[in-house]
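> Use these hints to put chains P, H and A onto chain Z, whose structure you have.
Number of protein chains: 4
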Amino acid sequence: MIDFSLPDDVVELRDRARAFVADVVIAAEPRDRSEHGLDEGLRRELQGAARAAGVFAPQVPRELGGLGLDTRGMAVVFEEAGYSILGPQALNCAAPDEGNMHMLHLIATDEQRDRYLAPLAAGDTRSCFAMTEPAPGAGSDPSMLQTTATRVDGGWSITGRKWFITGAEGAAFAICMARAPEGATMFLVDAENPGWRIERVVDAMDRSFPGGHAEVVFQDCRVPEDAVLGAVGEGFRYAQVRLAPARLTHCMRWLGLARRALDTAIDRAGEREAFGSKLAELGMVQERIAQSVIDVETSRALIWQCAWALDQGQPARHESSVAKAHVGEAVGRIVDRALQICGSLGVSGDSPLARIYAEVRPFRIYDGPTETHHWAIARRAVRDRERARADVRA
Amino acid sequence: MIDFSLPDDVVELRDRARAFVADVVIAAEPRDRSEHGLDEGLRRELQGAARAAGVFAPQVPRELGGLGLDTRGMAVVFEEAGYSILGPQALNCAAPDEGNMHMLHLIATDEQRDRYLAPLAAGDTRSCFAMTEPAPGAGSDPSMLQTTATRVDGGWSITGRKWFITGAEGAAFAICMARAPEGATMFLVDAENPGWRIERVVDAMDRSFPGGHAEVVFQDCRVPEDAVLGAVGEGFRYAQVRLAPARLTHCMRWLGLARRALDTAIDRAGEREAFGSKLAELGMVQERIAQSVIDVETSRALIWQCAWALDQGQPARHESSVAKAHVGEAVGRIVDRALQICGSLGVSGDSPLARIYAEVRPFRIYDGPTETHHWAIARRAVRDRERARADVRA
Amino acid sequence: MIDFSLPDDVVELRDRARAFVADVVIAAEPRDRSEHGLDEGLRRELQGAARAAGVFAPQVPRELGGLGLDTRGMAVVFEEAGYSILGPQALNCAAPDEGNMHMLHLIATDEQRDRYLAPLAAGDTRSCFAMTEPAPGAGSDPSMLQTTATRVDGGWSITGRKWFITGAEGAAFAICMARAPEGATMFLVDAENPGWRIERVVDAMDRSFPGGHAEVVFQDCRVPEDAVLGAVGEGFRYAQVRLAPARLTHCMRWLGLARRALDTAIDRAGEREAFGSKLAELGMVQERIAQSVIDVETSRALIWQCAWALDQGQPARHESSVAKAHVGEAVGRIVDRALQICGSLGVSGDSPLARIYAEVRPFRIYDGPTETHHWAIARRAVRDRERARADVRA
Amino acid sequence: MIDFSLPDDVVELRDRARAFVADVVIAAEPRDRSEHGLDEGLRRELQGAARAAGVFAPQVPRELGGLGLDTRGMAVVFEEAGYSILGPQALNCAAPDEGNMHMLHLIATDEQRDRYLAPLAAGDTRSCFAMTEPAPGAGSDPSMLQTTATRVDGGWSITGRKWFITGAEGAAFAICMARAPEGATMFLVDAENPGWRIERVVDAMDRSFPGGHAEVVFQDCRVPEDAVLGAVGEGFRYAQVRLAPARLTHCMRWLGLARRALDTAIDRAGEREAFGSKLAELGMVQERIAQSVIDVETSRALIWQCAWALDQGQPARHESSVAKAHVGEAVGRIVDRALQICGSLGVSGDSPLARIYAEVRPFRIYDGPTETHHWAIARRAVRDRERARADVRA
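Protein chains in written order, with this note's numbering: chain Z, 38 to 431; chain P, 38 to 431; chain H, 38 to 431; chain A, 38 to 431.
If we strip away everything but chain Z, and leave its shape as in the complex, we get:
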């Protein structure tokens, strides 16, 4: 039956995560000077503090040392982690590692788990997911995949160019999607493999992902047979398995960041005066605050609904598309309004908003631009309606 309550243990963990972010992570923000994500030292320090605070790796299965949350629990706790840009890294629930752990847990062989998943779950390594390609390859339309995998003696040879590969710099391994004769296939490629290299790190607006977004080149990159993740030819199917939850956990974290922006604006509006009133008493400011509250609450409700569907074992492709499209736009609006309320303070480095503004803009593009999701949602709506009418006629 419809229920929006949270179990006590999730409430406790949420409160613990909230306090940890407020007391430890936000306090560390001024020390974050790295160009991409946390520098390794600060990352380890914060992860250690998170472990000590009992909030480390909340989504990781207990047998791998995590707190074993289901997707609904993740929705609650990741939102808290996202309240600071550094929070997800501190809790080891940042993209792309979090999505990679999820997929490895579902698909990897025991050997692959030991070798790749265990150190990732412990925060000892980082990883990347190499799917997107520069034009004319696989961008928002994965069917345009151009990287090839051909069988060679003792394994495979991968050749192709990938773009916007988050976290490649510094990753211990890549999960690379390539087109084998049997269809798209995923391969585990070690960082040491000389067959691929990072050509450059893209100068992107956001800089909260460790390693940034890299352009990488695979050139006759040789991998053994057991580097195949899952079954040959099933790459797109696995990508779907990864995409819906990965897209949703993005929403969770970014919703937290949007809440941070909103709180920053409310605090400012309660202090700053203009035209004889506090900003918080001016109707135009109140309207922006209210619209942002509504954006937060609709976003959270869609996230929870999709999380519930995933926990029921549903593929949740529709739910995750709807959530991604709405939350991406809503987060953008919330941050934009917050910045506007704060005026020139908002566009300066004296408040966290200018950076948050740059961080969240790509979210409307990453993991499927809003328009791609709109297209998918509409096609599904038309098809469902045609079926419903056919049922009535039958």
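In case anyone wonders, no lab produced these hints; they're calculated from the structure.
No experiment lies behind these values; they were computed from the predicted model shown.
Glycine residues also receive a C-beta, built at the ideal position from the N, C-alpha and C atoms.
Among the clues, some could well be false.
Stated by the list, open to error - Which residues of chain H face chain P? A partial, calculated answer using Cβ under 8 Å: (1) 107; (2) 179; (3) 242; (4) 381; (5) 385; (6) 398.
As the list claims (entries may be wrong) - Calculated from the model, a selection of chain A residues having no Cβ within reach of chain H, i.e. all distances over 12 Å: (7) 76; (8) 82; (9) 109; (10) 220; (11) 237; (12) 268; (13) 324; (14) 389; (15) 416.
To be verified - Taking CB as the label site, the calculated pair distances span: (16) A/91 / H/147: 38 to 48 Å; (17) P/314 / A/423: 47 to 57 Å; (18) A/77 / Z/71: 44 to 54 Å.
This is chains P, H and A only, laid out in the frame that chain Z set:
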């Protein structure tokens, strides 16, 4: 724990209501020629059919002959009822009767229940709620209440003018809010009481409410002591008790109507061709469909969340404000997009959209204009944030 | 050189038209009880008054008894006429007659001028333009034209079905677009011709067009050779000649109506109090007023720019598309905001807004839906940019 | 009479400026590595090239070595300059110098002209305008001015703190607004004056202003009597003289930058394929392009109208508020849509969009946030309407 599932009996009732609306109510729509709501004959006919189909009075307690749904069940079934403008009347869950039944059930004395609530629940009578006043009286700001109630021998004398009193024409009684010396108070006033009269029925855009919206005048209207509903001076508190759920059930019904508009547009888009494609294959049309799907799903999620809160016994003032503000605007957008997709067909009487367009516009004003809710939401957000910061400092 | 000034005679005529609308036309509004446009008696009365006031037929050439304004002068005066729904009819500058006069003036033979244009310009007759067809015919995509014209002894036989033909009921003649072997062709068809009939008047949201919008059927409708308007096969070209200015004059009139809505809201906001302030002092209301002022001013600027281009003899297809797309949406927003500011008064017949709301909604669809214009604007922008780059490379 | 044509000499200058920006300025963009505006060497180099190309200082009076454009001519040429972030600096028409030159030209004594204006017009120096203060001082509400000027022997002593003072770092002098006993007064303060210092340069989102935005402190800053600019006590009136045109020239330049973003997106949409079509053929992309074209054209029309009003000697406070509010928002939308069309390319440094996105965001705040203009526009609209009604009653 977060749960979006529905119990089997609610699913069955939903499906029954959906089929009843599709087969019986929509079929009756062309016979609805009345200027305001259903004419009495068609109303009784459809209510009889609803009773036979097992979908009558879904929200009414079982002891009064209803189906005894809680608020979450209402959310599901009222949305189906709202799919036709005539549905809520057929199921006896239309405003203002539905809200009045709810309040009477909570507050009325046994005698008042027998006399007013029982026949209302059975569909034998209609009622109205007389609170809103013309300027400079109580509009969106109830504190401006000007109608007075003064003690006279054996009871009270009520004097004042009310405006936009839905369903007054044809109502068996009014619940009238007036300012007594102890504060705002509610009175039950019979239709036969010569102390009040309907001055006119306002020529409003919408015409689905039986009796329309009337301007009524109370002139030394004498009522006995036992006409007081609940306690003297507690009128505003009761109004709050009524308002949150009444506002939410409006959202439920109107969401159903918005879905009807969207389905109408999708059907049209799947048939009509322009520029060499079906409309449903054009990106601009797809975007409008997708945005409407998202509006439906965010609306439903907020309604369910507020319904759950009410079922927990929470006052849900914040939740109902957020839901009303969002759903009102979302419904307006959905219907507007549907009409635009359908082109000149949409603005003609050949499709149901032109009427739906006129019906839903006032929803952004009734039960508190969007702006009033924005104001309340913002003030609450600022206050909550101030408290949270004070807690941290403490 | 860029100039936004008006010549003295246009200013005088504008002020005269403004006063006439305020004093005579708005005063007559309560007498407008007809279901479609003005009834014949009131139309003649107001046209007589307009003639007496020196504001009749401002766009008609002087040799035909009008005031001979160019398009820029029309922009100024039509906006004033549009301030009342009845104004354009009173001044004999309403659609579709105004556009038909324009086209006849450009294309008709002397005989056709005497027979059709002169009485139309004098307000003695009305006319209609029969182009749009029901699905799967010519809707927003004129190339789907299905009505045929075949040569018969002594002339032509026209067969087809037309839809949403504004003013057909009561028109002295129709200008009918049909597909001849040589291409789309326009024909002048007298009302008395037994080969066509009005099947019904569509029940549309708007009701300010005399005769409403009819569905008409041409069945082997015989017309003589001299019924061809202009040259055979040139119908689409003439339609373009008519469409750009006709679309623009729609914008002019509707902008006037939007200003009426805005003024109505400002007046209300200056009187009505809520929450301790006049509405006009509340930030949310102020923001809506300001956004509407901006919508008025951007709309007027685009209209003036397109009018200037037309007066230079340019086809102004781009300018009229941009103006139509923007003004249509802007007018819709202005009226919607006005209604929201006025609250339940706005949705009642006690203010003119509810009717204006229904009148302007179809404007976003008539004369090309916004989306069709967006499509045309984008294609032109892409093409222009390709050319500019090719020029640079050359 | 309404006219949108340009005189031949303005067309020639526009084309020359366009070619100069395309060939010289854009080519220099990759060399712009400075954190704030152009470094001094590149600035001088580009200004020299502009002088050689006959496009230097287009707004400066001819007697000071400029091209002597009126405001309408500036509207045309500044838009071209703005097409590159570096263009306005190259042409010596960037803020805040351009506005300071305008004000000095109107108010300065001959000695002040020689000393401050002449080298500024020649590009030999830069300047700043020190009005805005940190909370609780003069932000968007100038009446909160807290910096004081008191009479001392031989002149004045200025004390106060200023914030977001654009171009202070590196400026040869500041125009400082302070509260004298007679009212707000402007003072010319040399960079060498030891009574003021730059405390820090604010880390703002935008970085195209030479010198960035500084926080500066005036501490018993002594200036002689002839440092007063204009008359004592007239500071706010002069600020108005400066503000309307300065705000409008901002709009001109930023409109050019928005056009650059739009062209970038159109170019990309014409090349990149997804889902079997070029992006430029997808409806959702076409709609964004069309909306941006409309935003460009409405913006330009308002700018031209306000420029015309200023050229007529009107104060144009209303026109410049309307233009600023609309153009600021429109530019933001155009750039946002362009970035979205370009996808992950757009958020990377591989396209100019990410930087443009950061550059234009503050424009909705600088020179009066949109909301402040909305407030002013609404108050004026209400007042004008009250007067119009009073006239009718009189």
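> Just pull the numbers of the violated hints for me, sorted ascending.
Hints 1, 2, 9, 13, 15, 16 and 18 not satisfied by this model.
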